Every structure is written in C-alpha cells, then in structure tokens.
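Colleague: Sequences listed follow chains G and X, in order.
Quick note on numbering: numbering that gives the first Met the number 0 labels position 379 of the first sequence as 378, and the sequence is numbered without any gaps.
Quick note on numbering: numbering that gives the first Met the number 0 labels position 93 of the second sequence as 92, and the sequence is numbered without any gaps.
Since the hints were derived computationally from the structure, they do not count as laboratory data.
Quick caveat: nothing in here was measured; it's all calculated off a predicted structure.
Some clues are possibly wrong.
Straight-line C-alpha distance at most 25 Å; calculated PhoX-like pairs for lysine-lysine [stated by the list, open to error]:
no.	chain 1	residue 1	chain 2	residue 2
1	G	K277	X	K201
2	G	K188	X	K334
3	G	K424	X	K334
4	G	K418	X	K201
5	X	K334	G	K413
6	G	K229	X	K343
7	G	K190	X	K322
8	X	K201	G	K226
9	X	K322	G	K277
10	G	K194	G	K142
11	X	K324	G	K418
12	G	K418	X	K343
Per the computed footprint, the stretches of chain G lying under chain X, defined by three or more beta-carbons under 8 Å from a beta-carbon of chain X, are [as the list claims (entries may be wrong)]:
no.	stretch
13	229-242
14	405-419
Where a beta carbon is used, it is the ideal one built from N, C-alpha and C, also for glycine.
The lines below spell out each chain.
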Amino acid sequence: MEKTAKVLKSSIIRFAGDSGDGMQLTGTQFTQTTAELGNDLSTLPDYPAEIRAPAGTLFGVSGFQIQFSSDDIHSPGDEPDILVAMNPAALKVNLKDLKKGGMIIANVDAFNKKNLELAKYDTNPLEDGSLDRYQLFVIPITKTTTTALQTSGLNMKEITRCKNFFALGIMYWMFNRSMDTTIDWIRGKFKKLPKIMEANITALKAGYNFGDTTEIFTTRYEVAPAKLEKGTYRNISGNEATALGMIAASQKSGLPLFLGSYPITPASEILHELSRHKNFGVKTFQAEDEIAGICSAIGASFGGALGLTTTSGPGLALKTEAIGLAVMVELPLVIINVQRGGPSTGLPTKTEQADLLQAMYARNGESPVPVVAASTPADCFTMAYEAARLALKFMTPVICLTDGYLANGSEPWKIPESKGLPEIKVNFVTNPEGFQPYQRDENLSRPWAIPGTPGLEHRIGGLEKENVTGNVCYIPENHQLMVNLRAQKVKNIENDIPLLEVEGPEEGELLVVGWGSTYGAIQAAYENMMTKGYKFSKVHLKYLNPFQKNLGEILKRFKNVLVCEMNLGQLAKLLRMEYLVDVKTLNKVQGLPFKAIEIENKIIEILNTK
Amino acid sequence: MAEEIVQKQNEASPVLTAKDFASDQDVRWCPGCGDYSILAQVQRVMPSLGVPREKVVFVAGIGCSSRFPYYMDTYGFHGIHGRAPIIAAGLKMARPDLSVWVATGDGDLLSIGGNHFIHVTRRNIDLNILLFNNRIYGLTKGQYSPTSEYGKITKSTPMGVIDHPFNPVSLALGSNGTFVARTLDRDAKHMQEMIQRQASHKGTSFLEIYQNCNIFNDGAFDLLTDKETKADNVLVLQQGKPMVFGKENDKGIKLDGFKPVVVSLKDGRYSINDLVVHNDKSRELAFILSELTEYPGYPTPIGVFLDIDRKTYDSEMVNQIDKAKNTMDEGDLDKLLNSGNTWKIN
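So that you can see chain X by itself, here it is in the shape it has in the complex:
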C-alpha cells in the first residue's frame, strides 16, 4: 500500500540543486566545525544522484553529527544513541525503494552502536553510512571516544586514555563490509567523489570522514589535511593506479610479501612498475591497506578500500517473499485461520 501511494505520487521531478536539499532550520554546529563541510558536500552531491528528494531519508543517532537530518530537506529521523543503523535498516527492509542514509559519529556508531554497525554491515543492508570521526565526544563536551588515541588527555582521562582505539576501516572490513572508504572533511572534491561512489554501491556502504572538532579536539587531522604535510602523509587510493604519494609524487608503496613498504622513486632503485596497483575488489589488499592508518613511517590511505558486489539483505528478503507467494498462495486470511486440524460443531 505504501509503495503504491508513492508510485502514484512520483511524477517527473524538476532539476534540483544543492539548495533544494537544505531545510529551513538554522544549522547549530559550532562555527568552524568540520560538519559544515560534510553537510555542504552531501547537499552538493544529492542532486546528481537522480533520486527524487522524497525518496531520500537521513537517519541519525545522538551526537553533534546526528543533528544532520534536521538540516536536510528530505525525510529524516533523529533516533536514539547508537541506534541509527538499525532504525535505518528497518526502514530499508520495509521500503527497499528508498535511498537511506545514516549520519553518525565515532561515539554513536562505534561505542554505544557498535553492535548494530557490525551486524548491519555483515548483512549488507543497502544503507549509506557517513561516519563523522573526530575522535572525541563533542556534544557531551570532551570525553574520549573509541577512536581516541592511546594516552590522550581528555576530561574523563586526566592521566591519559588507557583504551586502544578502533580503526573504523578495519572494523568495517572485519565485519564483512562490501564498500569501505575514507575521506577528509577538508578535501571537498574527494569527499564528493566518495559520497557519489558510496551512493552507487548496492549494499552497506561505509564512508569514514576524518572530521575536525575545533572545540574539543582541534587539529586532530592536521598532518593529513594541512597543505604542507598532506602530500607526504596521505596516500590517495585510485582504482587501477600504482600507489604513489609525496609532494613530488616521489614515493610509493611496494608489497614485500604481505608487508607494505615505502620506497623512494628518486634514487633509481625502484620505478613506478614496482608499486602496488590499487584494486578495490581485493579484500586481502583492503585489509593490508587498512593497517597503514597512521602507522609510523607510512602514509594514511584515503579513497575506496573495497567495493565488491554481494547480495543485499533487503533484496533477498523481498526475493523470499516473492518466492513464498509463488510457491504457497497469495495469502488468504480465512484459509490461514482455518489451517491445521479443524473440526465443526453444528
């Protein structure tokens, strides 16, 4: 019934712009917050996806990132802490025709919502997850998060964090994810490309966005985003291209067995032909690359680690229902109520 109504209503939609995706609500993030960039890139990419506005739903949990749905003029659901992926999953299972997005943070998705994240990912429910990773709890004013570095001094860890952090990309891969990518809040173009890529993926698409919290964890990603240091510390993954990085494109990644090594392309010992060529269809390579994240002496990869096809849970669910309708009957209620052993009293 729901889908019928929707189909009736969907007439040819006019060409939309980023502005059409902005709601009338005032954006209330702190000035200078990385979230603004994410909102801007999402609004910019949306019109190009070819999905009518009314078919787009943003679902969020709790935290700074999770105010995101209020600022999008689409359908939106601001849920409870940690539960965005599973609220979104329920929506997608019920309504496979919708484009469902999750806006979430490192505390929301990886701490209180960790269980839902890994299970939604392994099921490959067709959701697009945007992880705003600022490695801190912002909305509760500065406690450490599951991605905060070991030893970090925060309000709740005056003597330093003694947890060891998750690497979200590794976690998504370990959860049997089918699309895993990373981008930077200060690289608008790259982020747009990543959002586009994840939107076109069928299945759970996971995009980790390194996002600066200028109030409680300012500069967390400066090494990766500052003009001066970015080129030497970031490896931009490009499908089918050798892994080159450095200010003068003078460094590369070579595989020594299973171990990646950084080599110089300047001294003549190695050429571009010795480098690993990126293949986002390879789970093995994705696992190896994910380990390079802020690994001393190595650049941190951004881009698509993995993009493989696997049946989605929501489509399989529909298939089973279709199959049941074909092999059983269309669902006759009186027949169902009268099934089993019955007897008559006259």
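In isolation and in its complexed conformation, chain G is listed as follows:
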C-alpha cells in the first residue's frame, strides 16, 4: 500500500507506560536520534519516585515527552500530538493532555481485565467508543514482539521487556528516522549480554518493519532539520551540563575540582557524571550525609581546591549552617541545588522553584550569599561555570539553582570552545610581607592563603573576625563593620555581571518576568503571542542575588509586571520588597513546568483589563 508523507513543522510525542517499561530509555533514544538529525528539541521526563511501582497502577506511570521541530523551540510543548500508551493506566493518566484529534498508539495486549481494573476503567476504552475523537491505533505490541523473538533463546519475561524497542521502532518508521544511533547504543550497552542485545535490535527493527508493512498506518511524517546557528552540537541534559560546567571552571581556573555530595534525587547524576572524569583530576567524595558533603568541600576549598557540593531542597536545608560558615570564613564554594517539589520529602522526582527564598535567606545571622539560576538544560553549563567564577573572584559561597525539569530535560547544545569561556583568575597569596587574612581588595574579597605556604600560617573560623587581621573579635563596632562589609561584597557582584536585556519594547503596558527554568514556557508563549500581534515585553532573570543593576529601573517603565514562577510567589516577594513594584503573579505548584498556554491566558487577562 502506498503511504503518504506529510511535512510537519514540529511534533510532540509522549511515551507512557509502567515505571518498569523502559519509557525513559525509549524517550532518551528517540531524543538522541532526533538531535542528530538536526531538529531543535526539548524534553520533559516525568516519572514516579518509586523505582518499580506495582505494575499497571495509575501512580506507577512513567512518561517522557519530547517536542522536536524544524524551528527554534523552547519547551517540551503543551499538548502531545501523539501518545504512545503501553497500558491502560498510561492512557488514563495522559489522555487529558493529548491534543484534540491527536494520535493514540495503544498496546492492546496490555488492555486485559486486570490492567483495566487497576487503571479504574469500567469498560475497555479501546472498544467502548470513548476515544472516537482521537486517531486510535490499536497495536498488539507485546504479542508481535513475542513472535519476533520466538527464536531468541530468551524467556518470556526477558522477551516482553523488549517491547519498548518495538514501540520505538514504530515511531522511527513514522518519523522516518534512522535506527543506527539506537542500534549502536544497544550494541554498547548489552555488549556482555549478546542474546539481549540481539533481541532488542530485532524488536526495534520489527517495530520499524511493522510500521512499514502494516496497513494500519497510512501516513509518515517529516520534520526537517532546524536552522540552528552554525556550530557543533550535542544533546545535553541539565545535570550533565552542570557537571561539565564545573569541570570547565576547574580547568580554566587551574584549580582541582573537589565534589562532596550525598545522593539525592534529582541531583545524583551530577555526582555520577563527575565521578567519571577523574582524568581531569576531579575528586568526588560520596559523603555520609549532606552536612559532610558541604563540610568536606569547605575543607577542600581551604586547601586551595575548587569546592563543590550538589544537592536538592532537603539537602540544602541540612547544609544551612555550613553555608554560614563559608560566608564567615569567606572561602569560595559552589552549591548546586537541583530543586524539587517540597516541603519535606515532597515530590522527589517532580520539579518546582520553591527553594528561592531558602537559597536567599535560610541561614542564621546576616548571611548574604550570591544566587544564580539556570534557564535551560544547556544553560546549566553556563550558570554552573558562572557560579564558580563568582565564588573564586569574590571569595564567597555561591548557590546555583537548577531544578528537576532542567536536570532531566535535554536540548541540543551548541558546544562552546574552551578558549572562548570567560577568564577565571586565581591568585594564591604567597608573600608573607604585610599579609593579613582579612585585608580586602577592590572587590572587598579577602586573600586566599593556602596551607603549605610558609610564613602565612593563620587561623580562620566561624567566630566573628576582626577587620583586616581576622583574629577573633567581639567588639560591637567591629561586628557591625564586618556585617556591612560582607553584605557590600556580595552587592558588588552587580558590577561584575551583564546588564539585563529586555525583549520587546523598552516600556509599555506589560513586562513578563521569569527566572530559572520557566524560560522555555515563557519564551514559547511570547513567540506565539508576537505572531498573533500582542504587544508586551519580557525579561528573564538568571541572577537572583544580587539582581542586575538595571532591573529596578526596567520594572518601573511598565504599567504591569507579571512574575511567572513555580512557587507561591517567591521572586514576586523579592521584587516587591526590593523595588516597591506592585507585581502580579502567575504561580503553579503541580510538580510540572508551565505550559505556554497557561502563561498566554494570564497575559491576555492582564492586557484585557483596562
């Protein structure tokens, strides 16, 4: 049968199944292949906190969404065009998001009585007409995989585990993508398990051929490569980018990187990634707890290393006292906080931006800490690097905020050349003449004298320091002076960072303000609305403490300011407090990033209110 080809500008696919079905793997493979084809893309993995939740249950559903396009895109998209549902629970959980008239590819073999009951379906949705509004493709994925693998020598359990590759094969056929990247990956991954390797490749090809030969599908889709800037690209997740940013900072500063970290979702991959690069002299230490993670990094920093600790919200809470110590001893330290839903254990695998105020203020005493935030997965490289640069230049701990969405999401990254990265200069003091541990330079940074340097023996610690000498000092005026100096030092960073740029008119009716990972959704909303003729401007903050110097003045040029954030209004509070601007808010705390449409609706509401 002749199949027609249809060219699409972009498409959104969501793979969904049991947490043991390998949906994250399927999504990642589709992403890698799509990236290499030259599409722009953005992904959103969404998985439960349980490693293997009971099969077939609604809470055990794991999903992976990817938007890919021949245009520049910024978010994983609002509504999937295609839903691959490996079982009834996956259909039930994800159907509400599917675009009207969208495509469902359902693994009919999983729609048995038991699974329907677990998903709380009274009748089989594949048969009862409830899906009539969608293009439904009912495919025996399990059975066909089993048939294809009859002679594989694997047992039934092993065979059914290959079904995700069958589904992936169908999608490769449908979007006319090569299977080579995935086949290479399978060969490498299962090198030591040749039967499993062959079976997965067979399942993948069987899926592809199924698409090609079956008469179910009549259309194939084409999404042409995007016209991205010239350069070499790779697909990168936020956590990988963070790790690479820190290695880059270590290389450029000439300081060995020391990571002290305790495993925590969703930050652990940074520890894993850095552990793989010992050839860069990177020392990674899996500590006994969060406090040990940061304290070991402070010790390393005292010794002249680039100290780093990585964590998520609950871990940041535990590190609080030690961050205060780093503020007092004025040693460089980078603290990466991959935010997740809170409070307490909260939603470990879901995303949120509700640690902003914790990063800003959660310490005893007047304890100013610079805070920066990454805006996209690839931007994690830039901001981790920037955090290190600031920490070293200003002799201070710096908190870099990312979140679960950035950490696990991925996008194509134009690989920078190392020689183009900003300079990071470090000068250890070596001359004993006139040395004073708290003698500040023009930035108010104190000198870094590391153990092993003769004649510079000195003591530092958490007790208040006498100005200049660094000796323990309880004199009232000295304390006031030191508190002011530490605050001013952090404030001085505003002179070292770029000015904030406004996208759109420099003044007007509405300014939309975002920070961190809301960039993608806000940018998508902005671009959608510009094509529809709406008029407003936007800024995106990556520096939260101190703010960029021109922020206050920009805010005052707009009649309305709307802050969109995944918390109950934490940046909004800071802006009101700092600039006395009556900002409006759009808040979402569902463990999921904004959809562009949610932002668009709020903007329309404000623009329509006269």
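On the provided structure of chain G, position chain X as indicated by the hints.
Modeller: Using the frame of chain G, we list chain X on its own:
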C-alpha cells in the same frame, strides 16, 4: 597548582622548638584546665615530627577543646559543631601533602559529630584526632555528655543521667579504626609518646585523652591520675610486654578464654609467663582490652590498643586519579565537551 606553589616555597626549614608552634593569641581556657597540658604536649612534640610548620593544619569543631587551633602557630580552621573530622577530611583529600589534626571534645565528636567520626574512621582518612574527653559539656556550662556516667547529676539531669555512655575506644574500634589509643592529661610523658605514635601512623589515628574539667566535672579521672591510686587502677599497654600493673608491679592480666582476669603475682600461683602479652596488631585483643575501661575490679588500659596498616582513603583517591590519567587521557576540555554523539550545522 596549589601543591606546586607549596613545593616552590618549601625550602630547608630551621630547627624548631615548642615555642615556634605557639601563636600570639592569649590562651583563654579556665586556669587549671586539663587542656593546657594537651596544648603543651602537642607543642612539645611538633618539632620532633619533621613536618614544616606551614604543612601542619589543626581543625576543630565547637567547644572548649575546639579553641585549640587559635593557640597553634600553624594553619588552623575553627569549624562548626561536630564537623571538624569531615572538614579535616575534605582538606586532607584535597591536599594529601598536609599533616592534618583534629582537636575535639566528647560532645563535639561523639554527640553532634558522631556520624562524621565513625565514617572518617572507617574510611581511614589520614587524620590525627585528639579527643579531649572530660565527660561533660564545659562551654555550655555543665550539661552531661555522651561519655558521662549513668546516674550523673548535671544541670540538665537533676535526677541523674539515664543515658548509657559511649566508650570512645570501643567506638573507634567498632568503626574499623586502624589506630586507637588512650592517654591521660596528667601524664605528660605518656601523652607525648602517644602523640608521636599517632603522628607516625598512616590513616585515621584516634587518641582519647582523659581530660579534667576542673569547673564542671572536677576529679572525674582522679582514680586514674592520682599518685596514690594510679598504679593500681591503670594498665599501661606496651607492645610485646606482659600486662603487669599495680604499685609494686604485683598484678597482671591473664586471659581465660576470651575473658580477661586479674591475677596476683605475689602468691606464687601465677608468674609473669601466664600474662597476656600486648599486641597492638590484634583487633581481637584490642576489643577485649577496650571493654576493661573502668570495669569494676579491673585496671583501665592506656596506651596503644591497635595500630594496624590499611590503605588510606586519601591515597586510594590519588591512585584512582593517576590510573584514570594513565588509562584515559590527561583531561582535554575541548575533547570532553565534544564527547558523545555530536553533529555539525553548517
């Protein structure tokens, strides 16, 4: 980079004395405190260790003991409560060339810092830990500590402590420690010997020092330190020597299976040949001896319980890095950034 600079700077150092290790800061412990003796012995031993002053770092937590770094003219870090061992561990991992010491107390190390103590010890990070054990919280003015005796009346336990104390030596052994020793603040010579021994040990070396707090827990160790009672209540462990004690060296320790028993050498039933010979390479013996601590009817051992060799965490870390550099590449940043599947857009 750090190590290069340091190497450049390290020229032949002159012969140092105890005074060279004293800083210009006034010592602020209460007059009569056992801490003075510890400071004096450490300063006395330091010059003999052959480590240049600039290579020595003292790290402390919070408490009376933890003011120690301020009084040493070496590098020093006064950290936060309980965290000294792990700050020191981070420093040692980053800078294996340094001689890193931890000055800590029973509250600091065993209560709030207990987790770091056991984990640093099992990893065998090359640190020297000095535990000032006075069995009381001094700096916060007299609450009971994790080494205070059951039933002790303190400010926070007017009806008596109902916790059971840690035996720090047993805890260090149980944490898979490789060097575990004990000494007394009033036995200057013995303490110096112990500090020397721990300094020469590669790995975590743990020295418990019974230290008198003359303000909040005066006389806690009198039985072990008073001239009159010391000999009958203290067993001085000496490598390769039979375990003899008593004013007239008339008592000894014999092993009855796994059970140590005190025997008299006077009545002719037992001779010195029947006694246990100390062997600080034996973990089993160390465990047995640690149980004798203030055990009714037995002397309390001081000296080195255990001194065994095991790879240190910090050296293994360096080995792995060297191995990675040899088997991978020297670390080319551009190559790293361009690794994985890449594609070009022209």
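Colleague: All hints, please: hold or fail.
Modeller: Hint-by-hint comparison with the structure:
1. Under the criterion of a C-alpha separation no larger than 25 Å, the hint pairing G/K277 with X/K201 is consistent with the structure, at around 24 Å.
2. With a C-alpha separation of about 22 Å, the suggested pair G/K188 and X/K334 falls inside the 25 Å cut-off, and the hint holds.
3. Distance check on the hinted pair: G/K424 and X/K334 sit about 23 Å apart at the alpha-carbon level, within 25 Å; holds.
4. Between the alpha carbons of G/K418 and X/K201 the distance comes to roughly 42 Å, so the proposed pair goes past 25 Å and is violated.
5. The straight-line distance between the Cα atoms of X/K334 and G/K413 is roughly 14 Å, inside the 25 Å bound, and the hint therefore holds.
6. Straight-line distance between C-alpha atoms of G/K229 and X/K343 comes to about 8 Å, which keeps the hinted pair within the 25 Å bound.
7. At roughly 24 Å between alpha-carbon atoms, G/K190 and X/K322 fall within 25 Å of each other, so this suggested pair holds.
8. Taking the CA atoms of X/K201 and G/K226, the gap is about 60 Å. The hint is violated against a cut of 25 Å.
9. Distance restraint check for X/K322 and G/K277: the Cα-Cα separation of roughly 9 Å lies within the 25 Å cut-off, and the hinted pair is therefore satisfied.
10. Proposed proximity of G/K194 and G/K142 is supported: the alpha carbons are some 19 Å apart, at most 25 Å.
11. Distance hint between X/K324 and G/K418 is fulfilled; the C-alpha atoms sit about 22 Å from each other, no more than 25 Å.
12. Of the supplied pair hints, the one linking G/K418 and X/K343 holds, its CA atoms being roughly 19 Å apart against a limit of 25 Å.
13. Under a criterion of three residues with beta carbons nearer than 8 Å to beta carbons of chain X, the stated coverage of the stretch 229-242 of chain G is upheld, 6 such residues being counted.
14. Coverage of the stretch 405-419 of chain G by chain X holds in this model, with 4 residues showing a Cβ closer than 8 Å to a Cβ of that chain against a need of three.
The structure fails hints 4, 8 (numbered hints given earlier, in ascending order).
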